[in-house]
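Here the structure of chain A is known, so what remains is to put chain B in place on it, guided by the hints.
Protein chains in written order, with the working numbering: chain A, 1 to 308; chain B, 1 to 308.
Hints listed in this document are in silico derivations from the structure and should not be mistaken for laboratory results. Worth double-checking, as some hints may not be accurate.
Since copy identity is lost for identical chains, a pair holds within one copy or between any two.
[To be verified] Here are the computed lysine-lysine pairs in the BS3-like style, where the Cα-Cα straight-line distance is at most 30 Å: (1) K186 <-> K225; (2) K87 <-> K33; (3) K249 <-> K186; (4) K159 <-> K32; (5) K96 <-> K4; (6) K151 <-> K247.
Each chain, letter by letter, is given below.
Number of protein chains: 2
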Amino acid sequence: MIGKLIENIKKTNAPIVVGLDPMLSFVPDHIKKEVFSEYGETLEAAAEIIYRFNVGIVEACADLIPAVKPQIAMYEQFGIPGLAAFKKTVDLCREKGLCVIGDVKRGDIGSTSAAYAAAHLGTVEVGSNTYAPFGEDFATVNPYLGSDGVKPFLDVCKKCGKGIFVLVKTSNPSSGEFQDREIDGKPLYELVGEKVREWGEECMDESGYSEVGAVVGATYPEMGKRLREIMPKSYILVPGYGAQGGKGKDLVHFFNEDGLGAIVNSSRGIIAAWKQEKYAAFGPEAYADAARQAVLDMKEDISEAIGK
Amino acid sequence: MIGKLIENIKKTNAPIVVGLDPMLSFVPDHIKKEVFSEYGETLEAAAEIIYRFNVGIVEACADLIPAVKPQIAMYEQFGIPGLAAFKKTVDLCREKGLCVIGDVKRGDIGSTSAAYAAAHLGTVEVGSNTYAPFGEDFATVNPYLGSDGVKPFLDVCKKCGKGIFVLVKTSNPSSGEFQDREIDGKPLYELVGEKVREWGEECMDESGYSEVGAVVGATYPEMGKRLREIMPKSYILVPGYGAQGGKGKDLVHFFNEDGLGAIVNSSRGIIAAWKQEKYAAFGPEAYADAARQAVLDMKEDISEAIGK
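For reference, chain A alone in the conformation it holds in the complex (with noise of 0.2 Å):
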């Protein structure tokens, strides 16, 4: 799956992730309106709203953009509803030919790693049937668990063609507190780091990359430096830019020699751009245009820091 990623950003020469986390407060109001008056005020309208704030943002921008990460996080919290309206955007930016991450950041032991990773990216078998339940085209993973929680996840990508992001060094302010404690004089990040490194020669693809990647944040471009040395063969899964203060020139180390190697995500910076005082001239029943302007000048910024 790193090959049709890597295929998508060289197609329209934008390493940049749009985050497809929507909130309520993103909404403008006549969708809101729209649907509550069909459905109620109901999670089943919730779900609808966002589905269809989705579908604006994904309809406006799909042309412009390789990937999408929508946050699972967001749609759970309305639910099962929520559950139904990630699924949609799935297959709805999967139908545009998008790279669709699902950012899940599921991690656990044995069995029930395999089960996530199986929910997914993989296939279920229910009698002489199988199922793609979720079928996003890559997942975030948490490492905390170590080798048993991924090596599920690895043993999915290779039958299926996928891939992951592992979280290495989170984008927080307060991801330092574990993240980044010496070990044998290195930092936890960097051992993790090094697994992910040694995750991904079990999954090497033929554009020389490995369907294991990591997430760095932004908003340590120092430490994004490091983990390039050290994971030369990962595409990092860049947050932080934008709303939480990442800019172009923090990402210049993120990227390879080659141009390629990172990936750089915005959420709210986007998606609710017409919100922002620098978009407000589209307003609210234009939020998709808003966001595609975002997306226009996001690449600007990224090409100009990285000299491409």
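Just chain B now, with coordinates in the frame of chain A:
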């Protein structure tokens, strides 16, 4: 919520939680045949099969146990219908007066962790209505992202009277890969244990225990002893008993002197008891009676070990 769990433990005199982690291979054929003839070989059928299986187990065991721990991955692997079966299982168990520990191992940054906390322990607002999407009593939480990822759960615990169990030292063979690594002369799991104590101070219950518990595997009794000292006011949720190799005698040091402070999980050892030679006489039709007997045997094993 820890107060209610302790009350349930005292009432049943059983520091035991039954892991409702159904796999289709645990379910007797008569249930599968019945459901397949009604639903076909669909995801809906798989979900209904595990739900009906759970109903049998819960009805047979509810009077003996204080709590259940459904593992959401086993439901998530059957997509939306599977997650609906998870929700129905949570509701059923709460109606029976059991504490429900959602084994969800969620964890993310800020607003995303808040969404997970709302989904599983709290409520969401849709217009002027409020919903509790999944409605568990406790959730398991992954600490890799640090306090940012845990605090939103604490907020919901305080607001809604719920609790969490933070992964500290997991029961799996490779848990040591990161968790045992030494930082300033102490293993990482001890640092996480210290944070659990600190987080717990914000959420103390009248019982003298905090709403912030810890997951520590029965497979590592020496580490359990040390962690018991570090977190005297945290309940320890102990997986790894039974099928994973933990024995009654391994559990002694997970408990405090008051005989409280730990609750031991068994999943397949109980729910798939009918497949063990020891309980084979029950036969598949009486799988729930086999589970009941396995609970009674586990209760005796633990009582003998902890001398209560």
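Of all the hints numbered above, which does this structure not satisfy? Sort the numbers upward.
none
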